[in-house]
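Protein chains: 2
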Amino acid sequence: MLWKSLYADRLDAIGHSDVAALLKLAERPDVISFAGGLPDPDTFLLDEVKAGAEEVLADAGRTALGYGPTAGITPLREWLAEHVTQMGRPATVGETLVTTGGIAALDLICKVLLNPGDVVVVGEPVYMAALHVFKSYEARFAGVPLDNDGMQPDALETVLRDLRDDGVRPKMIYTVPSFQNPAGVTIPEQRRRRLVELATEYQAPIVEDAAYRDLRFEGEALPLLAALAAEHVIHINTFSKIFNPGVRLGWVTGPADLIEALVLAKQGQDQCSSTLGQYLALAFASRGLIEKQVAAATDVYRRKRDAMLAALNQHFPSEARWTRPKGGFYTWVTLSEGVDTEALLQKAIEEESVAYVAGPAFYHDRRGQNRMRLCYSYVPESQIAPGIQRLSRIIESALADVKTVTL
Amino acid sequence: MLWKSLYADRLDAIGHSDVAALLKLAERPDVISFAGGLPDPDTFLLDEVKAGAEEVLADAGRTALGYGPTAGITPLREWLAEHVTQMGRPATVGETLVTTGGIAALDLICKVLLNPGDVVVVGEPVYMAALHVFKSYEARFAGVPLDNDGMQPDALETVLRDLRDDGVRPKMIYTVPSFQNPAGVTIPEQRRRRLVELATEYQAPIVEDAAYRDLRFEGEALPLLAALAAEHVIHINTFSKIFNPGVRLGWVTGPADLIEALVLAKQGQDQCSSTLGQYLALAFASRGLIEKQVAAATDVYRRKRDAMLAALNQHFPSEARWTRPKGGFYTWVTLSEGVDTEALLQKAIEEESVAYVAGPAFYHDRRGQNRMRLCYSYVPESQIAPGIQRLSRIIESALADVKTVTL
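Residue numbers (the working numbering), protein chains in the order written: chain Y, -1 to 405; chain B, -1 to 405.
Simulated from the structure, these hints should not be mistaken for laboratory data. Among these hints, one or two may not hold up.
As the list claims (entries may be wrong) - Derived list of chain Y stretches under chain B, where covered just means 3 residues or more per stretch with a C-beta under 8 Å from a C-beta of chain B:
(1) 48 to 61
(2) 126 to 133
(3) 242 to 250
(4) 256 to 262
Stated by the list, open to error - Facing chain B, a subset of chain Y residues (Cβ under 8 Å, in silico):
(5) L44
(6) A102
(7) D105
(8) L112
(9) Y200
(10) P203
(11) T273
(12) G275
For glycine and all other residues, C-beta sits at the position ideal for the given N, C-alpha and C.
Hey, can you work out the whole structure from these sequences and the hints?
Pasting the structure below:
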């Protein structure tokens, strides 16, 4: 069978996968990888998970091993409603939906909202896995550049106005407001208010991805976009950073009629998320262990962030610039024009055994050739400085090449 | 925000959900429900799951709580390759893919193969959740009627020839060859050979859903379609019946290049299936516990099948006919023309506290008004006869109404 002759058009739209390639890179044991955006496994509260598993299998037993409701088991949805309410977005159970992780949440949102050719507005650089989901629905893109304060409202307004002039209503505005993946930047409160105003004015819902929000190293917690305009914001979150990714759980908070449509779509995605995982998450969350894990994990990631910024200061060439994240997993490096981080990556792995993700993965049109994402969350703290030192050698030689060419 | 104004066309294609409605029905505690196609929780080997969880968290610990490869953890894929090989379809690791259950597998296959308007050939009556997935990709349908030996090859050939005459190549032929959901029928070996011949001749891949195959009450195991024509068959299976649904795991076996495309699609579906669940499934499977569970479960379901058939014989009117399943969860009842099982369902629940799924849910064009699916797997054995007795009273009164109208 010539399978390719049977493939749907969306396969062409997806193209290839940067995610898969980079995860393979991280596998070679001698490579210091700043590539994969993975949590540090040492931050998982393993003993508490063991106790939780024992308790769940003793108490919920066969129920935890069965199918559950498509929208999620009721006690976990009750906990989520309470949790999101405490985060400043008052929510009922009917406004929550348990999903099989954050990407599965985004997949459902696209299933409900996107026809081929529909426009998604993305702050760029943008989370590459989100880009993959949008492409798999054959979306068109309108990019809004980020600065050190995240998505720029004036640029967003221009994009929305231009689209309106063309008779186009975008189906959503996707943003990671806190400790953005990949740029590490955070949108301040005034700018948040302006963004939801624009979403309201142009009747384009915001999809707020809050995956990293709880991992805050400094400063005050900023309001959720969903707290500022509950009716216009679809809030996505994940248990991967506050519990663990192994249970594969995330959630959506949004208006009840949208949640109903998402539940319908989920019946064609996976019917329900892992019931066992949901009971484990509930046991963990209801004992206040999320707060415990977040506090400990934030300390770990803050130290790694500090190690990364110190190493960049010490080793990286003066031409390079990078963001200073106040939380989350990433810093975003901009090199001189002309440096090609994609071409450089192979050299970095082969000659210096160090890996990162090249900039073009984070742009719908694959710009960003002179940029790279560095993830400090997964690599052992002691390897951060040596890794950055290796990388700086590669970058120095690339800069020398660029200068030579320029001459 | 007027959310409905933002919805994609596929929401209209999906329409409403029979699955959701029927799962709600089963919730009222006084209702004897033959509706939901759920495994009997007593068939889960709870003690062995507990031991497995303890072992996994002790040995694989933080790895089991992390992200895993999109295609599945390698040792589980190795086990799957071996398992499927033993089932008669020689497979390498690269020909396997772990999914978040059987429906997630089908969702991925549709993501890779279906453009809106593409034709899917389905044996009808057809598994309603599969129909839901196909509709969510805006498929068009060509139905092939089943008889007591499953999908009819002559009818399939006519459908394929007519499509070819219209210049249409169907993207897949979906079938549940053993103990079909909902009809309970099984395709004999000669007919299996004829079906794969037709698939080969018309270059239309078969999607073989083997969810119930291991739950065989009598007779010999029949060859997988994938064993007869590995290059033309995408084999879907699930851990829900041989382990438990709570871990939410299934798998696909197919040609390696197709699997690669499915992996790409899965990065936009959920990135990876539950790592913890996969380690639990591996611990269970590698100790031979699947065979133990299947043997015990088959005994349970055989007894329930016997109880159901005996009760139907005793209580149902002579005008009714039903299939005699040799495995699986379901029998399929055909009543006299004119009986409307959808209208009858509300009466059955309200007046007799008994539930089933009405026939139209299992046809793409919602035919089958005088048919119903009865599931005997979930309801306690002792309630089967009383439930059928209740249902027979409702049916008798409906038959009386039909006869009156006919006069």
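Here's how the hints hold up against the structure:
Closer than 8 Å: that is the beta-carbon criterion, and the region 48 to 61 of chain Y has 8 residues meeting it against chain B, so the requirement of 3 holds. As drawn, the region 126 to 133 of chain Y meets chain B at 4 residues by the rule of a beta-carbon pair under 8 Å; at three or more, the given contact holds. Under a criterion of three residues with beta carbons nearer than 8 Å to beta carbons of chain B, the stated coverage of the region 242 to 250 of chain Y is upheld, 5 such residues being counted. Here the region 256 to 262 of chain Y counts 4 residues with a CB under 8 Å from a CB of chain B, which clears the bar of 3, and the coverage holds.
Residue-level restraint check for L44 (chain Y) holds (minimum Cβ-Cβ distance to chain B is 6 Å; threshold 8 Å). A least Cβ separation of about 4 Å between A102 (chain Y) and chain B falls short of the 8 Å threshold, and the interface hint therefore holds. Interface restraint check: D105 (chain Y) against chain B, minimum CB-CB distance 5 Å, threshold 8 Å, status holds. Given hint, L112 (chain Y) at the interface with chain B, holds; its Cβ is 5 Å from that chain's nearest Cβ, closer than 8 Å.
A least Cβ separation of about 11 Å between Y200 (chain Y) and chain B goes past the 8 Å threshold, and the interface hint is therefore violated. Taken as an interface hint, P203 (chain Y) checks out: its beta carbon lies about 6 Å from the nearest beta carbon of chain B, inside 8 Å. With a cut of 8 Å, the hint placing T273 (chain Y) at the interface with chain B holds, because the nearest CB-to-CB distance is about 4 Å. Hint on G275 (chain Y) holds. Least Cβ distance to chain B is approximately 6 Å, under the 8 Å limit.
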